[in-house]
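**Q** So the protein lines, in turn, are chains L and U.
Letter by letter, the first sequence follows residues 48 to 432 of this note's numbering.
Letter by letter, the second sequence follows residues 11 to 210 of this note's numbering.
Because the hints were derived from the structure by calculation, they are not lab data.
Some hints here could point you the wrong way.
Once the Cα atoms are required to be at most 35 Å apart in a straight line, the calculated DSBU-like pairs of lysine-lysine come out as [what the hints assert, rightly or not]: (1) L/Lys143 x L/Lys89; (2) L/Lys143 x L/Lys87; (3) U/Lys64 x L/Lys87; (4) U/Lys159 x L/Lys143; (5) U/Lys173 x U/Lys123; (6) U/Lys173 x L/Lys87; (7) U/Lys64 x L/Lys169; (8) U/Lys26 x U/Lys36; (9) U/Lys36 x L/Lys143; (10) L/Lys95 x U/Lys73; (11) U/Lys123 x L/Lys392; (12) L/Lys169 x U/Lys159; (13) U/Lys123 x L/Lys358; (14) U/Lys173 x L/Lys89; (15) L/Lys89 x U/Lys34; (16) L/Lys143 x U/Lys173; (17) U/Lys26 x L/Lys170; (18) U/Lys26 x L/Lys95; (19) L/Lys392 x U/Lys157; (20) L/Lys320 x L/Lys143.
Computed far set for chain L versus chain U, every beta-carbon distance over 12 Å [said to hold, decoys possible]: (21) Val86; (22) Phe214; (23) Glu269; (24) Asp330; (25) Gly411.
By construction, the Cβ of each residue, glycine as well, lies at the ideal position given by its N, Cα and C atoms.
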Amino acid sequence: MTDIFKNRGKNGQMTMTFNWIYVLIAGGIILLFFVGLVVKQKASSEQKLSYDITRILESIITAATVSEQTKNFIDTSGLVDYTINFDCEIDGGSFKNIFSGYGLDTTSATVETPIEAIFAPKKVSAPEIVVWSLPYELPFKVIDLLMLTSSNTKYYVLADPSSTDSFLTELQNITDDLNFEFVESFDEMEVGSNYHIRIVDFDYLPVFDTITDGGPIPPLLEELSEDQVSAVSFMADGTVNYYYREENDFQIENVWGAIHIFSLDPEERDAAKYGTIFAGGADEYMCNMMKAFKRLEIVSDVYLDKFEQLKEYYTENGVHDLANQDCRIFLEGDNSVENLHAEAKTCVSDVAGYLSAGCTNIEGAAILVKELNENLYNNNCVTLY
Amino acid sequence: MKTCIIIIVLLYTKLKIKKMLLRKKKGQMQMMETIGVLFIFFILVVFGMIFYFKYQQISFQEKQEELVATRAMDSTLIALFLPELQCSRSGAEAEDNCIDISKLEGLNSVMSKYSNEYYFNIFSYSRIYVEMVYPTNYNWVVYDHEKTKINDAGDEVPDWEFKEPTFFVVTLRDEMNFFGDLTGHDSTYGFGYLVVEVYS
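Bound-form chain L, shown alone:
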């Protein structure tokens, strides 16, 4: 009998222990399940947030691009912990090989921008983003170039204060609400609370401190990391050079040669020239200009069609009307629009074409189109653009 009670007691103990182990395992599994659920939810909500941010940014950029000449200040104080990357690369040579986009650092949320020309720093991490759209005209409006910068990207403009350069005067007036400062020497450049410093050198002669290949960076900027300092230098012949920081020196980025600025009217808001100031680097500038040339190829095709319509219209109406006959004379035998279209086509076919003298003919072709339009306008004809 004692044995029976002993066995029964052991059995009970066994059952109790087994129950507790069972509860522990089951509880652990349930706990693990919920922990997994929370982790998964956290990751997915972070991903969702990054996608939402890029989507909103996309809408802002679209709206800003079409609101010509207007500066838009976008509050991004909620995004200061994020870094927005802007990239534009011509991988292989032609427009078809462009890889361009922006997105949040360390996430897969990106927006591809194969069409939009956005001149922006390579990285932006700021409480406020500024977007400014400028129309690019060659000679008719081709595309809106979007200048994008941030409240903590500082632009130090190195220039002779007695300079009579009209672009400099315009730059000084137009950037008073941006983080721009006009200085004469490197000693005036400080880091402050800025994320990136861009030196814009207009000192062609040079009278004061200037940016040179292998030359030193301003001493007060040495505390910044290498990718937080960059420079762009305007040459007297109208070309530009980009510089990056390597240790405490500046190194030229466009080793293949100075970059030509393709524009017609340097007196008025020269969108292509403004683009050089805001672009992240030489590659980014050329890549975005390549997009502009592709659009030029297409828009000139539209104007080519309008040109043919005009020719037909004045041929039909110019028989009895003397005024219309004059208009017809301007149009007949003119192939300026066709030439401009062909030049644009050459420019986008190869990045080497962009750099070579071949692409620079585009300005000459555009001037001829402008002359044709002026002739039509001055003679009360229907204008081309």
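Since the structure of chain L is provided, determine the placement of chain U on it from the hints.
**A** For chain U alone, coordinates are given in the frame of chain L:
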């Protein structure tokens, strides 16, 4: 004595069997209870999953509709400010919400030419057209890229679930007597509306 022992053994065995039967019944009861609890637990899990997936499905659909609406707005905005369409006057600023008929006339062929390599990146699957209502009714298709698929019979059929149209009133500038050819009387400006239909 012997009989007594046999009776006691028999009684003890009977008691044991009774106890065993009772224990077996209790075990069965516990087993049923566990199965019942598990059954209800799984039913609750299934209900939870159905509810979750249904909720996800609805929110996904809502998100999709929201995205299409945003895309439609963006596309309309871009279309309105296309240099390929806008009324320009030499170096002056372009006229707002104005479409140049002479550009519009040849735009469809240009857009078709560059559709895949360029305009698809802007407008994706959508249809853009201009409806003129004054001085006469007329329409121009600017861009047309419908989302389609090939069905089992080998026919090309539409492959979109919904279409988000947006409308915008525009003026139409005619400098080359296009309206005159259509209506018989000259007029430099007409009006109509731009329609952007986005497929999803």
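**Q** Evaluate each hint against the coordinates.
**A** Each hint tested on the structure:
1. Taking the CA atoms of lysine 143 of chain L and lysine 89 of chain L, the gap is near 38 Å; set against the 35 Å cutoff, the hint is violated.
2. For the hint pairing lysine 143 of chain L with lysine 87 of chain L, the CA-to-CA distance comes to about 38 Å; that exceeds 35 Å, so the pair is violated.
3. Only pairs whose Cα atoms come within 35 Å are accepted, and lysine 64 of chain U paired with lysine 87 of chain L is accepted, the gap being roughly 19 Å.
4. A distance of roughly 26 Å separates the Cα atoms of lysine 159 of chain U and lysine 143 of chain L; the hinted pair therefore holds under the 35 Å criterion.
5. At roughly 25 Å between alpha-carbon atoms, lysine 173 of chain U and lysine 123 of chain U fall within 35 Å of each other, so this suggested pair holds.
6. Between the alpha carbons of lysine 173 of chain U and lysine 87 of chain L the distance comes to roughly 34 Å, so the proposed pair stays at or under 35 Å and holds.
7. The suggested pairing of lysine 64 of chain U with lysine 169 of chain L is violated, with an alpha-carbon distance near 42 Å, which exceeds 35 Å.
8. Annotation: proposed proximity of lysine 26 of chain U to lysine 36 of chain U holds, straight-line Cα distance about 15 Å (limit 35 Å).
9. Restraint check for lysine 36 of chain U and lysine 143 of chain L: not satisfied, since their Cα atoms lie roughly 78 Å apart, outside the 35 Å limit.
10. Taken as a hint, the lysine 95 of chain L and lysine 73 of chain U pair is honoured in the structure, with Cα atoms around 11 Å apart against an allowance of 35 Å.
11. Restraint check for lysine 123 of chain U and lysine 392 of chain L: satisfied, since their Cα atoms lie roughly 14 Å apart, inside the 35 Å limit.
12. For the hint pairing lysine 169 of chain L with lysine 159 of chain U, the CA-to-CA distance comes to about 40 Å; that exceeds 35 Å, so the pair is violated.
13. Restraint check for lysine 123 of chain U and lysine 358 of chain L: the C-alpha separation of about 23 Å stays at or below 35 Å, so the hint holds.
14. A distance of roughly 34 Å separates the Cα atoms of lysine 173 of chain U and lysine 89 of chain L; the hinted pair therefore holds under the 35 Å criterion.
15. For the hint pairing lysine 89 of chain L with lysine 34 of chain U, the CA-to-CA distance comes to about 49 Å; that exceeds 35 Å, so the pair is violated.
16. For the proposed pair lysine 143 of chain L and lysine 173 of chain U, the alpha carbon gap of about 30 Å is at most 35 Å, so the pair holds.
17. For a cut-off of 35 Å, the pair hint linking lysine 26 of chain U to lysine 170 of chain L is broken: about 84 Å separates their Cα positions.
18. For the hint pairing lysine 26 of chain U with lysine 95 of chain L, the CA-to-CA distance comes to about 67 Å; that exceeds 35 Å, so the pair is violated.
19. Between lysine 392 of chain L and lysine 157 of chain U the CA atoms are separated by roughly 30 Å; this keeps the pair inside 35 Å, and the hint holds.
20. A threshold of 35 Å between alpha carbons decides the hint, and for lysine 320 of chain L with lysine 143 of chain L the separation of about 24 Å falls inside it, so the pair holds.
21. With a closest Cβ-Cβ approach of about 17 Å to chain U, valine 86 of chain L is found to remain outside the 12 Å limit, as its non-interface label requires.
22. At roughly 18 Å from the closest C-beta of chain U, the C-beta of phenylalanine 214 of chain L stays outside 12 Å, upholding its exclusion from the interface.
23. Under the 12 Å C-beta cut-off, the non-interface status given to glutamate 269 of chain L relative to chain U holds; the minimum distance is some 43 Å.
24. No Cβ of chain U comes within 12 Å of the Cβ of aspartate 330 of chain L; the nearest lies about 21 Å off, and the non-interface call holds.
25. The beta carbon of glycine 411 of chain L is kept farther than 12 Å from every beta carbon of chain U, the shortest such distance being approximately 19 Å.
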